[in-house]
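With the hints as constraints, model all of the structure from the sequences given.
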Amino acid sequence: FSKETERGGVRTSDDVRASRHATPETHTESEFDEATVLAIESAVEDFRRGTLSKQRAIFRIVTALGIRSEEEDELKLRALGEYTAILDKFQTESVGAVGRGEREANSALVTTHAASKRRRGPSQLEGVIPAGGSEQNESIDDFLTRMSKSNGNGSYSSDSPDESCGSQLEDGDGGENGYRGQSNKKQRIFERDMPWFANEEKTRSRRTNCSCNKTRVILDLLQKDSTTVKRWIRGAISAPAEFPSSEWDALIKGEAVDLNTVFSSLNFLNHPEENVGHIGPTEIHFGRPKPAKRIETSGQWTAAWNLTVKATSFLFPHRYDELRSYGDYMERTMTPSDTKSAAVKIANSPIEPSSKTTMKPSWHQMVWDQKGTVGDPETLQVGRDIQAGDQKFVTTSMQLGDASSGKDVSSSTSANPANNVDMENWTARSLRESEIVGKRPKYLRHNVFRDDGLVSRSTAEWTLTALPLPQPPPAEINNPVVSKTLAENPDLFEVCTPIDVDCFERLLERHPNRPFVISVVESLRNGFWPWADTHIGEYPDTWDGSLPTPDDKAKREFLCNQRDIELEMGHFSRAFGPDLLPGMYSSPTYQIPKAGSSEFCMVTDHSAGPFSLNSMIPRKDIAGYPLDNMTHLGEMLLDIKRKYPNKDIVLWKSDVSEAYRNLPVHKVWQVKQINTIDGMRHVDRRTCFGGKGSGSDFIVVNSLVAWGAKYERDIDWIATYCNDSFGPERASKMMFYAPYNKYMPRNQVKLLQLWDEIGLPHKEKKQISGSIIEIIGFEVDANCMTFTLPPPSKRELCNYLKSKSKCAVKLNLREFQQLAGWFNWALNVFPLLRPALCHIYAKMMHANPDKPYTKLYVNNLIRADLTWAIDHMEGLSGFCVLESSDWELGDADVHAICDTSLMGMGFWFPEYDVGYACQIPDKLLGKIIFYYEALCVLCVLLKSDVIVPGAIRVVLYTNSFNTVQIFNSMAALPEYNEILKAAVNHILRNATGSVIPLQVDLRVVHIPGKKNVVADALSRGLYHVAIDKCTLDGCKHLRGVPTNRKRALTMDDLNIVVDAYSQSPSHDDLLFLSMLLTGFFALMQLGELAVPDDPTLFNPMKICKRSSVKLSPSDYRFFLPGHKADRFFEGNTIIIQKHIRNIDPHHHFKSYLLSRDSLHPFSSALWLRSNGSMPSRSFFISRLRKFFDSDIAGQSMRSGGATSLAESGVPPHLIQAIGHWASEAFKIYIRKNPVLMQALLFGHATHERDPALHGS
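Residue numbering for the sequence shown follows the working numbering, starting at 7 and increasing by one per position.
These aren't lab readings, by the way, just hints derived from the structure by calculation. Treat each hint with caution, since some may be false.
In silico lysine-lysine, BS3-like type, Cα no more than 27 Å apart, as pairs [stated by the list, open to error]:
| no. | residue 1 | residue 2 |
| --- | --- | --- |
| 1 | K95 | K60 |
| 2 | K812 | K849 |
| 3 | K808 | K861 |
| 4 | K626 | K448 |
| 5 | K600 | K816 |
| 6 | K316 | K259 |
| 7 | K800 | K771 |
| 8 | K316 | K220 |
Spelled out as structure tokens, the structure:
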């Protein structure tokens, strides 16, 4: 390829045609001199790191370019100028960093260039490094250790200001800037050598204040080793733990304490951000922290001052009386302002005395009109209509955890602790997510149904992303003890199953998750491995945990008969004698009565004994295997009703016989499954009901069967729960099923035919259908669309709960687990009764989960919770799917916003311009802020019924994430459970005997603290702030202007530019086109492709380099040094694939690259104009304006690429990764389009165009 001549950036037509039609396989080799550029970049990087002087760096660049005179090639001279400019830029940044470091009093970080320059002094030439190089190679940790101990003026403090601690400064010290001739060792100075010492000594002799002298002596002592002193303070029991670290530093240094910072640490969840960094063992302080809150009232000042007195007197005990006297004086001086002068007049009536144990905080109502004026104050009582002693209201005795209970709160209140959440300094992503936290409460996850036609992911769809099943580890396969037993007794161990594995495999031929399918098929052929670690060398090789033969004849005969059945079905091996073979484990086998029957069932307990089989299986490995639930059934009912609104619907349910017993286990695990019956040993060859991994194995198989039924047999509505499969069907769609000689719902027949094909057994009596049937233990009415507990089951559960609430003996852990499990099952229909489990779970925490027979008491708190649940359960029905559909927060009947401080609580109803405020009741003083936040939400809930009588949909906003979590899960720590129970009492007050429409539908939603100004002001008594904020928000609402975002580029837009520039002979046109396509398909920002228009903002470290480009026939890639989401400066490799159809960025990038390498073979930057300069933002925008209006800008590339990927069905997490988004900001480009939302949710392209898949 001939070198092109530059004519204002225009090349000859022959060269252009040669470049345009070249292919990766045939084009002439690039003229880019990669070896030269890499050598130059190495020299530049050495200079940047400070290991090479500027003169030597320039010398290496000149040498690499081969320049010997000024008459050299113009291209080389131009490249030399570019690299020299980069060196100058690095040098300027280095000097600037030094200046910034000297201006920051506590900053100690300087660059190596600056430190070496200051040490050299004027006698050494700039850029020339001394021969020894010891200063240059100085350890960064040692350097920072010295610098971090320096004073603000650059000198070092002595160990004692008035005692001799070493020799004087050596001759030669104190050259220019105090660095000439200075060694690396710490220089000691003495106060007596300071010019002010003589006058200071006279002043001290005249003023003999004892307290000041003591303070000075203690300060001298503390500053000898401040780091050790702080470590001792942190470990001291008597030191106030709430005092912030930055203010301990101030006390140790003798500086003033910032009371705003102290107040922030005392009262708020987010402590002030400590501006402390660490490099190795060195701690670096960058100025004082910024307080999260500022003191605004006398009470706040007093609280901060009291804590400061504690901390100061801890270090300076002699100053306690002085500081306390000053605090008393200030309290007398700062009397609270008269309430009549406040912006909001409030009735300051005292808290009403409680009757018995009922707490009624006095709430003060404030009403203001649209102009911000305040109406007459009115004192209202929360729950004023509730009589004293009403157990449905909150009490302040044992339930509220006051002094009488002996308990207080020391952690967060929700079931999932969130006490470490920083409410004021969340990331942008978490703020956006938090705006909808609580919109769909967790406790209603199975009771709220979509009404948009979409359905939740079922177990069939779960198989698309499931991980492959495990196979036996090599250590288990090669275990010599087990291997010998298997080899010597081959007839005992057999892998067999009724499932036709070949047919099962053919059913799944088109399943996209091939590794998962292959692992399941292999497990069916070779046996399932239950995720076990047999602890070879830790557990015994052989273990016998079997039980003796029962004395009772009936029990003995039952076990023998059951054994014979298992032998006949091939589940058990023949008896091989009374003794175990090497490597075998025998678990207890016994009989238990069937529920509701006099018959027995046989149980093999894999959890019994110190070396139980279940103890070998980690819980985490078998977690995450899903079961379809009422959510899926409800969504299917809504879907079929939507499609066939006037048709009768029937439900069907089919059951797989024997379930787990249809699956074989691996021979290596069969050795561990020995059943001992009537003194004889048998090998159990199948998964058993007592095995921890058996359920997960069967879920895997049945979910794949469901996938085949749904996508290969066209059964539209199907869900699975363990061995049950169920779904709805139109009553008119019946089919004849010959094996049972009867008509059945069409989808049920199609499923049974599939089971017959692959060999899954089933029995006629377990295949049921009808308009009202029992599914997953619940009575479901297909046409009324209701879910209820069957009356016998509900009665049995209530009787069981009553018996446990009256139990006077200890229950073991397993019985507690059974109680919790049964009640959890009922919560599917009665989700609001979840608080009844609070104290049960708290009691279970006292036992080891691996010791199921630990005895535990049933205390009075558990009895009270169960009694409360029984009272509600007996009066409640179930719920209706039609009345439980999801709804938007804007559709609520009433909205309220609340907040709490340590001084009071406040909330307001924005739509009615009504607010309330009250002080913290005396009986509740001393609790942490979490408690008040939860109590405030309860008060708002009660008051909402007064503001909007009969309100059903209620939305309450709070900036307390803990409170949101409490009401989102209906689970809290025991100290807060009564608040939840009181809320449930209010929600269900009208629901007794009804089906849900009469109960309140509550949502407690999180909002950022910055948006909760009014309620926060009310809680602190700052009523004028609340009024001002409401008035301002009203103005914004009336006069606000929507955000104006640039339009996203489309493929049609790109075609316009490609048609105009693809045949252009101009290098700059090729540059612009390649930048545009690269930015679009790689979702890059304009700032990552172009340099700023302002030269002072240019950063050489952000420039993409030509040497990083890799061009292949299928894609091209280059290295992006950094972007705004790259917090650790690791960079990313940008990969853009070749497109066969539509616009191909690969072809246009290759054309640009050939032109660029011809014009600038020795330059480092990837993107270069014809004149050798890097393209600026104005260059790109000016050319963009030739084709588009101002609604298209640099960001349009990034947004257009994201939109294109969404249209192609690319999942959101991949779009986020490709675009390097640290948050979900990319969704603002696609959320408004319902078609794109459909593509994102289901991963299907909205058109037939190939997805622009490209990664980085």
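Outcome of the hint check:
{"no.": "1", "hint": "K95 / K60", "verdict": "12 Å, holds"}
{"no.": "2", "hint": "K812 / K849", "verdict": "16 Å, holds"}
{"no.": "3", "hint": "K808 / K861", "verdict": "20 Å, holds"}
{"no.": "4", "hint": "K626 / K448", "verdict": "22 Å, holds"}
{"no.": "5", "hint": "K600 / K816", "verdict": "24 Å, holds"}
{"no.": "6", "hint": "K316 / K259", "verdict": "17 Å, holds"}
{"no.": "7", "hint": "K800 / K771", "verdict": "24 Å, holds"}
{"no.": "8", "hint": "K316 / K220", "verdict": "18 Å, holds"}
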